[in-house]
Amino acid sequence: MNKKLPLQCPSCANKLSVTSLTCEECETTVTGTYSMPLLARLSNEDQLFVLEFLKSSGSIKEMASQAQVSYPTMRNRLDDLIDTIKKMEKK
Amino acid sequence: MNLSIKLLINPYERLAGYTSLWMGILIGLCSIVPAYFFNARFDGVLDLHFVTHVTWYKIIVDQLVNMFCLMVVFSIAGLLVKGNSFRVIDVCGTVVFSRFPMIVAPLLNATGGFIDLQNSMIKQSGLSGLDTMNVVFLVVSTIVLLFLVVWYVTLLYHAYKVSTNVKGWQAIVSFIVAILTAEVLSKFLIYQVSV
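Quick note, the sequences are listed as chains A and B, same order.
Per the numbering used here, the very first residue in the first sequence carries number 174; after that it's consecutive.
Per the numbering used here, the very first residue in the second sequence carries number 90; after that it's consecutive.
Just so you know, not all the hints are guaranteed correct.
[Claimed, not checked] Listed below are the simulated DSSO-like cross-link pairs for lysine-lysine, each with C-alpha atoms no more than 27 Å apart in a straight line:
#	chain 1	residue 1	chain 2	residue 2
1	B	LYS256	B	LYS171
2	B	LYS256	A	LYS234
3	B	LYS171	A	LYS263
4	A	LYS260	B	LYS171
5	B	LYS256	A	LYS260
6	B	LYS171	A	LYS264
7	B	LYS171	A	LYS234
8	B	LYS276	A	LYS259
9	B	LYS256	A	LYS264
10	B	LYS276	A	LYS234
11	A	LYS259	B	LYS171
Hints are computed from structural coordinates only; laboratory data are not their basis.
Note that this is a predicted model, so its numbers are computed, not measured.
Could you put the whole structure together from the sequences, leaning on the hints where they help?
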């Protein structure tokens, strides 16, 4: 099962931090409070979009063609993501 | 929403840029033919009037001015609201393509019904003197025209929204101002050039 990384506290809706990391080989566990990087705080859909954007060398035209949508639709998707990131940076 | 209905209302999620511009220009040129044969004039971006006689020159000027006004006014509206974060070709292509529902509008006067209606209403001073056939024709053609205009304006709104990424109240207000400006400008230019 592909588990979804929770981004918000289900109780107070604030952003979550990482408190424990485990090595899958030797089962060593590191504990502490680590804030998650900005890209990891994006929704799964937005993270996939960023990956596609990188894989297509930043060509919106190519992404639009692959997704069978128009250029402005894909461009708007990118603009919305930029707005989301700017808002997250301000917080 | 059903995909085919969504495509009829907002095809711009899939179609924009040069493709829609060339298709829009082609549709605009095609609409000249029924307009000529059925005496229809698109004398404004939101106008359709049936007259007793039209010339090729007037109809071509109508179409060119309407396309020009839509492209220029909506591009300026986008630039004012959103800055230069969009491609002008997308605005031009999508707004020109939005006129496609209007291609069939001149067919309503295929039998010369509108001119007959105008004549009988003028002679008999009002709706009361119309016979049943004329009343039915008037009601049906009004519904069809209303449907085509609403469809055209809806397409125009989505064209503007998708190509500029303007959202919320800004999109609604700037669209209303832009369409009214385009209407006034097109009326002015058409009557300067072709009357």
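Each hint tested on the structure:
A C-alpha spacing of about 10 Å is found between B:LYS256 and B:LYS171, which places the hinted pair at or below 27 Å, so the restraint holds. With a C-alpha separation of about 22 Å, the suggested pairing of B:LYS256 with A:LYS234 holds against the 27 Å cut-off. In summary, the hint linking B:LYS171 to A:LYS263 is supported, as the alpha carbons are separated by about 21 Å, within the 27 Å threshold. Our distance criterion of 27 Å between C-alpha atoms is met by A:LYS260 and B:LYS171, whose separation comes to about 18 Å.
Simply put, B:LYS256 and A:LYS260 have alpha-carbon atoms about 17 Å apart, close enough for the 27 Å limit, and the pair holds. The suggested pairing of B:LYS171 with A:LYS264 holds, with an alpha-carbon distance near 24 Å, which does not exceed 27 Å. The straight-line distance between the Cα atoms of B:LYS171 and A:LYS234 is roughly 21 Å, inside the 27 Å bound, and the hint therefore holds. Among the hinted pairs, B:LYS276 with A:LYS259 is inconsistent with the structure: their alpha-carbon atoms are about 44 Å apart, more than 27 Å.
Of the pairs offered as hints, the one joining B:LYS256 and A:LYS264 holds, with about 23 Å between alpha carbons and a cut-off of 27 Å not exceeded. This hinted pair does not check out: B:LYS276 and A:LYS234 have alpha carbons roughly 37 Å apart, beyond 27 Å. The suggested pairing of A:LYS259 with B:LYS171 holds, with an alpha-carbon distance near 17 Å, which does not exceed 27 Å.
Of the numbered hints given earlier, the model fails hints 8, 10; all others are met.
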